[in-house]
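Peer 1: All chains, full assembly: derive it from the sequences and hints.
The working numbering numbers the first residue of the sequence shown as 66 and each following residue consecutively.
Hints in this document: simulated from the structure, not taken from any laboratory.
Remember, predicted model here, so these are calculated numbers, not experimental data.
In this text, a Cβ means the ideal position worked out from N, Cα and C, and glycines have one as well.
You may find that some hints are simply not true.
Straight-line Cα separation of at most 25 Å, DSS-like style, residue types lysine-lysine; simulated pairs [said to hold, decoys possible]: (1) Lys450 with Lys436; (2) Lys400 with Lys312; (3) Lys335 with Lys349; (4) Lys244 with Lys122; (5) Lys585 with Lys631; (6) Lys244 with Lys230; (7) Lys572 with Lys585; (8) Lys585 with Lys511; (9) Lys719 with Lys735; (10) Lys782 with Lys719; (11) Lys482 with Lys399; (12) Lys400 with Lys482; (13) Lys201 with Lys312; (14) Lys482 with Lys436; (15) Lys511 with Lys201; (16) Lys482 with Lys312.
What follows is a set of in silico ranges between Cβ atoms, one per label pair, in the way DEER data are often shown [claimed, not checked]: (17) Val591 with Gln237: 35 to 43 Å; (18) Ile440 with Ile369: 15 to 23 Å; (19) Asn432 with Leu569: 54 to 62 Å; (20) Glu777 with Ala746: 20 to 28 Å; (21) Lys230 with Ala654: 48 to 56 Å.
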Amino acid sequence: MARLFACLLLFFASTAFASQVDLLLGKSSTIASAVESEIAPNDERDRLIQRLELAQKQLTELDNNPQAPDRDMNRFWITLSIYAYQQHIAALEGLDALKAPRANNQAASRTSNSVQLQQERQIIEQEINVLSSGLKAQETYLNTIHDELEQAQAELRLVQGQFEKAPPQSTQRSQLASKMALAQRKVATWLATLASIDARQQFNRARLQERREQILTLNNQIGNDQTKLQSALLDANLQAMQDQQQKYTQQQSLQLNREQELRRQLAALKQQREALQTKIDNPKTKHPEQLQAQLQALDQQEPILLHQLETLAIQTGILTDLMMVNTLDITFWKKRQALANNHSQTEVQSLNAAVEDWLVTLRDMQNAAQKSANIAQDQLDQLQKIGNSSAEVIQAWQEREQIYRNAATDFRHSSEKYQRWISDASPKDKTLAMRSDYWQGLIQSKLTAIWNYELFSVNDSVQVDGQNISLTRGVTVGKVCIALLLITVGFALCILSSNLIERLILKYTQWAEISVRIAKRWLLSVAFIILLINSLLIVQIPLAAFAFLGGAIAIGLGFGMQTLLKNLISGLMMLLERPFRPGDTIEVAGIRGTIVDMSVRAAVVRDVNGIDTLVPNSTFLEQNVTNWSYTTSIIRQGFQVGVAYGSDLRLVAKLLEEEVKRHGQIVADKNPEILLENFAADALTFGVYYWIDIGAGIIGRQVASDLRFMIEASFRKHGICIAFPQRDVHLDLTSPVRVQLETTSTPPNTKHDDSLGHTHAK
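Peer 2: Structure below.
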């Protein structure tokens, strides 16, 4: 509802502004009627006239049907549609009127002197400023109406969906039908309003272009001798002020005569009242009731005369103010005329400072006169509503209201002259404080221009009654800065809030820290995308603004961003499929380790040596991945044990099984397997296989080492020899080797030779 009231405020503000522009440029309907014979039939205008007549007919039928559903809201939207059609028709008539020949006006301009041409140019420049401001306001209003249209269309689609789901021949379906009709009327109203504002924009743009062409024509007619022109303008303005002063003097003389006349009437009225009162008080007077009626009539005339005298006093006071203002104007302009050829900087600066101070006072007087005129208008409206006031009283208030209006107009004209004076003043003619204000305003204007600098614009179109209404949405530096600020601040708040939520979850829940961290990262990524889109929508940067980057983005994705995008999509798929989780033991690309972290780009795998390896997410999809704890964390491990030939094999198997079962970290639910696997060359090979739970943090290498220690101790205790490698050496000699055994003791100077197996004396 707030958005609706805002749109209506913009609508009536635009209408009021359009009315002022029409007054400034001339009523389009009057112009159109003057050249109606020269204008070809306009199918679009005929269609709008038919729609206007239909809307007026619907409004009449609605007024005649008090029982109509949603009568007030339907009346509201129909009324807005009528306003929109009327504005659209007026805009089309204005566009047609601009095509009428204007040779007479141009010929009249050519016969004017340079001073009149300069004054005409100043008026046209004011019109151009008003038109430019109006176009900006209409552009803002057009964008607002476009947003309201989209919202109304979404509401209509929602109601249509509810209507289709409602059971037939039900009260709910009837209510939804009325609601759907109201929504359709709302959409039609916004479409008509959108089309009317677009037509008014076209009319104002055409008028603006015409006035700019007139400025160029006037510049050519005026010439380039600005010094001579300025001197002539000063003389013309001074002469106009002196003429105005004479006019004020004449008005003052007339007011003085009228005041004397009113006072004579009051004196005569007082004498008549006293004479009548004397006759009434005389008991010999006949027919005293007639005299009493005459006395009452005189009593009624006296307030009227007093009110007229009060109005005349107000007019005299205002006229005195105007004469004082005009006298100061003449003084200022004479000083300016004297300083036109005198380049004394001190006097020029002093005069400019005095003008700026006086301009503030002059504007206050203008505002006071305007407010007094409004008060007089309100009082006049109140008297007309009551209906028992005399015509003389109403006429007095009308005169008072007109006095204030004329005074405000004269004050405004004087203010505009001083404003042009100040705008023509050079920065070098200002004091230090004025220079500071000048440069401050200049810097502010430059920064504003940079802030509003349009980087590029995007054309959006809306289909309205077979027409394409073009909406231009510009992307300015300010919008980009605000969007970046919103994204930065919003993402910073998201990070702070996510960190707080993460701490609370870890504190009050049993969720794994790594899982919470991964979820936070993905949520932050989604939040960034949402912030990006919402920031662009808030500052009204359309997403279509980045459509022209499609080719560049496609090329970038094809080359530079291919790997990044591939890893991002792979990470999203792994998040959905969950092939492994943090803490799982995996083996991929020759790397075996435990998943310790997962991000949008890569996963961190920590091997048995404590070394972290970043594995891109795409690797897990492109290569075979072994997850040792995908469905269960219980895995089988084993190793081989060799015993010497001749050992008791049953005893060996029994001892191996006992030692495996005796280890506390081996899963007791699953029986170990002791297998005689091979008759090797040097040993009888047994395979020892058992189950461990790696999810409980059990290290398989440590368990295997413990079992080897335990098996070696058990074999040594039972006299079982663990086989070792043996070698047979064959000697191929031509003569037999003589072997001699000596049993003598080895003297002190002998050395034992293990390689020969006996002792040699030295």
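Peer 1: Is the hinted pair Lys719 and Lys735 satisfied, with a Cα-Cα distance of at most 25 Å?
Peer 2: OK: Lys719 and Lys735 at ~17 Å, within 25 Å.
Peer 1: Is it true that Ile440 and Ile369 lie within 15 to 23 Å of each other by Cβ?
Peer 2: The hinted range 15 to 23 Å holds for Ile440 and Ile369, with Cβ atoms some 20 Å apart.
Peer 1: What's the verdict on Lys244 and Lys230, does the C-alpha distance respect the 25 Å limit or exceed it?
Peer 2: Roughly 14 Å between the alpha carbons, so the hint for Lys244 and Lys230 holds.
Peer 1: Taking 54 to 62 Å as the hint, is the beta-carbon distance of Asn432 and Leu569 inside that range?
Peer 2: holds, 59 Å
Peer 1: Falls inside 48 to 56 Å, the C-beta gap from Lys230 to Ala654?
Peer 2: holds, 54 Å
Peer 1: Starting from Lys482, check that the Cα of Lys436 is at most 25 Å away, please.
Peer 2: Distance ~22 Å between Lys482 and Lys436 Cα, so the pair holds.
Peer 1: For the pair we were handed, Lys482 and Lys399, check the Cα-Cα distance against 25 Å.
Peer 2: Between Lys482 and Lys399 the Cα gap is close to 14 Å, so the pair holds against 25 Å.
Peer 1: Are the Cα positions of Lys482 and Lys312 separated by 25 Å at most?
Peer 2: holds, 19 Å
Peer 1: Just to be careful, I want the Cα atoms of Lys511 and Lys201 compared with a cutoff of 25 Å; is the pair within it?
Peer 2: Status holds; Cα separation ~19 Å.
Peer 1: Regarding the pair Lys244 and Lys122, is the alpha-carbon distance no greater than 25 Å?
Peer 2: The hint holds at about 21 Å.
Peer 1: Given the hint that Lys400 pairs with Lys482, test it: the Cα-Cα distance must not exceed 25 Å.
Peer 2: holds, 15 Å
Peer 1: Run the distance test for Lys450 versus Lys436: straight-line Cα separation, threshold 25 Å.
Peer 2: This hinted pair holds, its Cα atoms lying about 21 Å apart.
Consistency note: the structure conflicts with the earlier hints numbered 8, 13.
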